[in-house]
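Here the structure of chain A is known, so what remains is to put chain B in place on it, guided by the hints.
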Amino acid sequence: MKLILSLFLAALLGACATPQPLRGTGDLGLVIERATGHVTLVNTSSRQPYARIAGLGDLSHASAVYSRDGRYAFIFGRDGGLTKIDLLEGKIVKRVIQAGNAIGGSISQDGRIVVAQNYTPGGIKAFDAETLELLAEVPAEYAPGQFSKVVGLADSPGNKFVYALFDGGEIWVTDFSNPRQPTTQRYPAGKQPYDGLVTPDGRYFLAGLFGEDGVAMLDLWQPEKGARKILENYGRGEEKLPVFKMPHLRGWSVAQGKAYLPAIGRHEVLVVDVATWKEVGRIPVRGQPVFVMARPDGRQVWVNFAFPDNGKMDVIDTLAGKVVHAFEPGKGILHMEFTPRGENIWLSARDDHKVLIYDTARFTKQGEIAADSPSGIFFTARAARIGF
Amino acid sequence: MSPNKLLPLLVLLAVAPAWASEPAPARQKELVHLVRQDCGSCHGMTLQGGLGPSLLPADLRDKPAEGLAATIYYGRPGTPMPPWKQFMSEAEAQWIVDKLMSEFPQ
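Protein sequence lines, in the order shown, are assigned to chains A and B.
Note that the working numbering has the first sequence beginning at 1, numbered continuously upward.
Note that the working numbering has the second sequence beginning at 1, numbered continuously upward.
If you are wondering where the hints come from, they were derived from the structure by calculation, not from laboratory data.
A couple of the hints might just be wrong.
With a straight-line Cα cutoff of 27 Å, these simulated DSSO-like cross-link-like pairs (lysine-lysine) come out [claimed, not checked]:
| hint | chain 1 | residue 1 | chain 2 | residue 2 |
| --- | --- | --- | --- | --- |
| 1 | A | Lys322 | A | Lys312 |
| 2 | A | Lys331 | B | Lys63 |
| 3 | A | Lys225 | A | Lys191 |
| 4 | A | Lys312 | A | Lys331 |
| 5 | B | Lys85 | A | Lys331 |
| 6 | B | Lys29 | A | Lys312 |
| 7 | B | Lys85 | B | Lys63 |
| 8 | B | Lys85 | A | Lys240 |
| 9 | A | Lys191 | A | Lys229 |
| 10 | A | Lys322 | A | Lys365 |
| 11 | B | Lys85 | A | Lys312 |
| 12 | A | Lys258 | A | Lys191 |
| 13 | A | Lys278 | A | Lys240 |
| 14 | B | Lys29 | A | Lys354 |
| 15 | A | Lys331 | A | Lys278 |
| 16 | B | Lys29 | B | Lys99 |
| 17 | A | Lys312 | A | Lys240 |
| 18 | B | Lys63 | B | Lys29 |
| 19 | B | Lys29 | A | Lys229 |
| 20 | A | Lys240 | A | Lys322 |
| 21 | A | Lys258 | A | Lys225 |
Counterexamples of contact, computed for chain B against chain A with all Cβ distances above 10 Å [what the hints assert, rightly or not]:
| hint | residue |
| --- | --- |
| 22 | Lys29 |
| 23 | Gly67 |
| 24 | Ala91 |
| 25 | Trp95 |
None of the values given here were measured: they were computed from a predicted structure.
Ideal Cβ positions, reconstructed from N, Cα and C, are used throughout, including at glycine.
Looking at chain A on its own, in the form it has when it is part of the complex:
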């Protein structure tokens, strides 16, 4: 099996030497192969890989953002590597080691600044998207000499970046209007924020809290009002189940005026009315949700799970308000990505060394791609979305 895989991958490598005809990038994307520091470039129309790039370092928990023309991907590796890839040429354009231990990143509204969020040393760093030259650094020093891990970094309009401090319990908003001299506002948020997201309209930043019940919310249109807590009462008095993997909030969506969020320490998806930010329902699912992602049209929400339920997927129909399809597509389902208009979903099955492609209307399998321990899947449609 391993041999077949490497032969196949070698064939791919050969393929990327041939010149590509003139084309756009709207149906392209990449798959992170976390164990071996590779990314595989894919085409969502042909549902095939078309190139494979090596030498990206430790890619566990790696994520990617796109330049606004959808041609370049910026990949943030766990080892602090920031790599810029050209999807058309199928090669690395530039790579820098920017920190000791990184967790992700974001790109500014105008596409000129790429910002990395780091665990060690805790803080964020801004880079010129063209050259990857360091522009500025904001250490997450929340008390004298105390640095926090940074989570949930998201871009927001006005070349601002919003993020949360796991150890510091705050939400910070850093304004990069002057990229070399950023200014930062701080807002108390709650105990141990573990991830964050910005709503698709760029107005609200939400930080999930691990250390207490609830979610901290900052209205970025009126930040002077400070962060307030929503969903405070969810789970009050009930004992939490152990969490074997932290849920991810980025990648969520609003469907029909409701937001679907992973509950922490419960086998439930929370449904929140985005006009009032009140809980309006909970949907039982088969494990601790990790990603809760809405299909672009909002009709379905797909959920994957933490260990030991990471072979399962549940699909919620937002009209019915319940799980309508539950299946076990493979071993170690780490991530999912919808094609830009949602007719297909791509799932990474880490322990099967495959990416699986499903039809979202019929739930039938459309194909699969070999990949070495695949994790994140990122399509270029992210280039045009706020908070991605």
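Here is chain B on its own, set in the frame of chain A:
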């Protein structure tokens, strides 16, 4: 059980303590995979740390092994470190700590 059938068992028991904490090879593979992949989601696949601290030998050296094994088995309440007792025995948690403190297999 007849005495001559019992004899090999007794021999086995007598030598057992020397490697009692050593899981069978197939189980060792499972545990290594669990640590790299599933502990890796918080501690990093190369165990250099993430949301959870580094688990490299240099960083664990001065910490008591039993305490670390207890952390794995029971978790640390109030922190994201969950208990793993439904997925392994205490001896297996101890074996993981031994491996972490020397050199963790790939």
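- Straight-line alpha-carbon gap A/Lys322 to A/Lys365, limit 27 Å: holds (22 Å)
- Query: Going straight from one Cα to the other, do B/Lys29 and B/Lys99 come out at no more than 27 Å?
  - Reply: holds (12 Å)
- Take a quick look at whether B/Lys85 and A/Lys240 sit within 27 Å of each other, Cα to Cα. holds (16 Å)
- Query: Holds or violated: are the alpha carbons of B/Lys29 and A/Lys354 at most 27 Å from each other?
  - Reply: Judged against 27 Å, a Cα distance of about 21 Å means the pair holds.
- Separation of B/Trp95 from chain A, once the least beta-carbon distance is taken, above 10 Å: Given that every Cβ of chain A is farther than 10 Å from that of B/Trp95, nearest at about 19 Å, it holds.
- Query: Is the straight-line distance between the alpha-carbon of A/Lys331 and that of B/Lys63 27 Å or less?
  - Reply: violated (35 Å)
- When you check the alpha-carbon spacing of A/Lys191 and A/Lys229, does it fall within 27 Å? Between A/Lys191 and A/Lys229 the Cα gap is close to 11 Å, so the pair holds against 27 Å.
- Item | Distance restraint between B/Lys29 and A/Lys312, which requires alpha-carbon spacing of 27 Å or less | holds (23 Å)
- Task: Verify the proposed pairing of A/Lys312 with A/Lys240, using a straight-line Cα cut of 27 Å.
- Result: Given that 27 Å is the threshold and the Cα spacing comes to 21 Å, the pair holds.
- Query: Is it the case that B/Ala91 keeps its Cβ farther than 10 Å from each residue Cβ in chain A?
  - Reply: The claim holds: B/Ala91 sits with its nearest Cβ about 20 Å from chain A, beyond 10 Å.
- Item | Given hint A/Lys331 paired with A/Lys312 - CA-CA distance at most 27 Å | holds (8 Å)
- Restraint check for A/Lys331 with A/Lys278, where alpha carbons must lie at most 27 Å apart: Distance of about 35 Å is beyond 27 Å: violated.
Going down the numbered hints, you'll see the structure goes against 2, 15, 19, while the others check out.
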